[in-house]
Amino acid sequence: MKRKWTLFTYPVSDIKAAEAMLNRLAEQGWRLEKIWLGLLASFVPEEESVCYCLDWYDPNREDGMDYRTLLADAGWRRVGQFNYWNIYEAPAGTPPIQTDGELEYRRFRKKALRRMAIGWAIPLICLAVLVLLCVLVSMKPGVLGWSVFATIFSDTSTGAVIVTALPLLLAGVVLWSGRLLLRLGQWKRAIARDESLPVPGQGSALAARIFSLVGYLFLIPLILAFLLDAMAKELNMGWIIGMAVGCLIVLGKDPLPESERKRRYAKGTLACVAVLLVLRVLPLSGVAGLVCVKPPLADGRLLPERTDVEAVETHATLLSARTEWYEGGPLMEGGFAYGQVESEAWALPWDWLADWVTEQYRKELGTANQEELPGYENVWLMRYGISGGNYPEGATGDVWLIRRGNVVVWVETNMGPLDEKWLDGILTRLEEYRA
Amino acid sequence: MARKKLETLTEQMFYVLLALRQERHGYGIMQAITALTNGRVNIGAGTLYALLERFEGEGFITFTRMEDKRKYYKLTPEGDKALREEYGRIRQQAADMETVLREEEGQ
Chain A
536 MKRKWTLFTY PVSDIKAAEA MLNRLAEQGW RLEKIWLGLL ASFVPEEESV
586 CYCLDWYDPN REDGMDYRTL LADAGWRRVG QFNYWNIYEA PAGTPPIQTD
636 GELEYRRFRK KALRRMAIGW AIPLICLAVL VLLCVLVSMK PGVLGWSVFA
686 TIFSDTSTGA VIVTALPLLL AGVVLWSGRL LLRLGQWKRA IARDESLPVP
736 GQGSALAARI FSLVGYLFLI PLILAFLLDA MAKELNMGWI IGMAVGCLIV
786 LGKDPLPESE RKRRYAKGTL ACVAVLLVLR VLPLSGVAGL VCVKPPLADG
836 RLLPERTDVE AVETHATLLS ARTEWYEGGP LMEGGFAYGQ VESEAWALPW
886 DWLADWVTEQ YRKELGTANQ EELPGYENVW LMRYGISGGN YPEGATGDVW
936 LIRRGNVVVW VETNMGPLDE KWLDGILTRL EEYRA
Chain B
789 MARKKLETLT EQMFYVLLAL RQERHGYGIM QAITALTNGR VNIGAGTLYA
839 LLERFEGEGF ITFTRMEDKR KYYKLTPEGD KALREEYGRI RQQAADMETV
889 LREEEGQ
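Chains A and B, in that order, are what the protein sequence lines are.
Each residue of the first sequence is one higher than the one before, counting from 536 in the numbering used here.
Each residue of the second sequence is one higher than the one before, counting from 789 in the numbering used here.
Only chain A is shown next, with the shape it has when bound in the complex:
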């Protein structure tokens, strides 16, 4: 069968543009077949003339059966649902569903604006939390550890993708909001003049559709990141179970016709949660490891000749990776470890982030230790004396900061001084890692 396809990524404020497009194609003999994933609309040839109306819709406040019966009596048949809209079709010449601008605007406020405000609040809250984190991190002497910010990139792919795309997301929110405010102003002026709500120009509507499409495409890396986090066991089980319980509660309620959409969304969400649960339970972290950044220096101990105990924790995402060590030893009677080594290594995606992490570590070295180690570029050492406890007289500890490319390593030990042979070994391992 012959089909016509068109992009259907209209922003919510372009309801009149979408309606006008459907009616233009209807006049040319094309009937809406289906909306595909909220992206594309397919049309098939139709000999009988039809017309379309888009009506505001809220799945949390479904219209009563009497409303739908009235529309059906008037000739309007629902043929699709997209985002905030129900799409209705009727024989050509049927009076439109809304014939009063002010009442149509009130319906928009009741059905859509409240949901939009809630949807707006979520990114605003996320932004506020991010700004608060930045402020707390930048406060002296440091209310919140700076590493909290860096771990956003290294601990979950989802967090890394969202923060990386944040400037684009914010730009998108500003454009979307600006277009909505523009449209609201136009509608109010039209209502004051007792005119019908204006239809945006085709060029403007096309530009809006293309920008919206870019926003939809962002879902691809986001979904991939989510799946990777599930496979790498980074997703919180409590969150997954909570989502599943919520969906089951919705589905367990009486299956009212008005709740049909909500139940369908709950089923879809439950299916996604089931996928995440399976991925989280199955041993797929190796698969995730194939596409994520390899954790630096996770392949061996830092002090193999001195330590007996090792605990390594690694995190890896699409953009970054982090390794945390604890090594202890040698073991004394009763299992007590004489000394310890604590270390963190970061593989960061960008120079500026590696610069910033290095700078934070350098602050911890103190002002007396800001010079690079002679003969070594981007290597810093703080050596300190240890007294008291079981330590012999003259005992020293080391804090090393090493940077190679965008890999930053911090090593802290109280097991005596580390020599150049040890440093050269670490540098060799870092070069092998970066190769």
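It is possible that part of the hints are untrue.
Pairs of lysine-lysine, DSS-like flavour, derived with a Cα cap of 25 Å [said to hold, decoys possible]: (1) A:Lys645 x B:Lys859; (2) A:Lys569 x A:Lys537; (3) A:Lys645 x A:Lys551; (4) A:Lys645 x B:Lys857.
A few chain A positions that, by computed beta-carbon distances, are all more than 10 Å from chain B [said to hold, decoys possible]: (5) Leu560; (6) Ala627; (7) Leu665; (8) Ala706; (9) Leu754; (10) Gly803; (11) Val826; (12) Pro884; (13) Ala930.
Hints are computed from structural coordinates only; laboratory data are not their basis.
Please read these numbers as outputs of a predicted model, since none were measured by experiment.
Note that CB positions come from ideal geometry on N, CA and C, so glycine has one too.
Based on these hints, arrange chain B on the given structure of chain A.
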């Protein structure tokens, strides 16, 4: 932007109240208005639904029964009063127009 609390009625509002001088359901109201005005006034189903909700809230109409998923309504005494006041206003407007036209013809 909002009108004052139904002190004046739009044309659509007027005809909805007029149609409800008899008990009717929503589509019956639409059909009655189309027949009465020979198709000059067409009220959308969504607009009608919103008006019925509003009139019921204002006490101008009352819900009488539900049959086959259709709600039936009827005009209340308050609604009848509002309708007659609007009718009086329209008549006065027509009379004022007549006066002006006669004066112009007389000149």
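Here is how each hint holds up against the structure:
1. A:Lys645 x B:Lys859: 22 Å, holds
2. A:Lys569 x A:Lys537: Since the Cα atoms of lysine 569 of chain A and lysine 537 of chain A sit roughly 14 Å apart, the hinted pair holds (cutoff 25 Å).
3. A:Lys645 x A:Lys551: 18 Å, holds
4. A:Lys645 x B:Lys857: 23 Å, holds
5. Leu560: 22 Å, holds
6. Ala627: It holds; alanine 627 of chain A is separated from chain B by about 14 Å at its closest Cβ, greater than 10 Å.
7. Leu665: Correct as stated: the minimum Cβ-Cβ distance to chain B is 37 Å, above 10 Å.
8. Ala706: Given a closest Cβ separation of 31 Å, the condition holds.
9. Leu754: 32 Å, holds
10. Gly803: Fine: 28 Å to the nearest Cβ keeps glycine 803 of chain A off the interface.
11. Val826: The claim stands: valine 826 of chain A keeps its Cβ more than 10 Å from every Cβ of chain B (closest is about 50 Å).
12. Pro884: 51 Å, holds
13. Ala930: 80 Å, holds
The structure meets every hint from the earlier list without exception.
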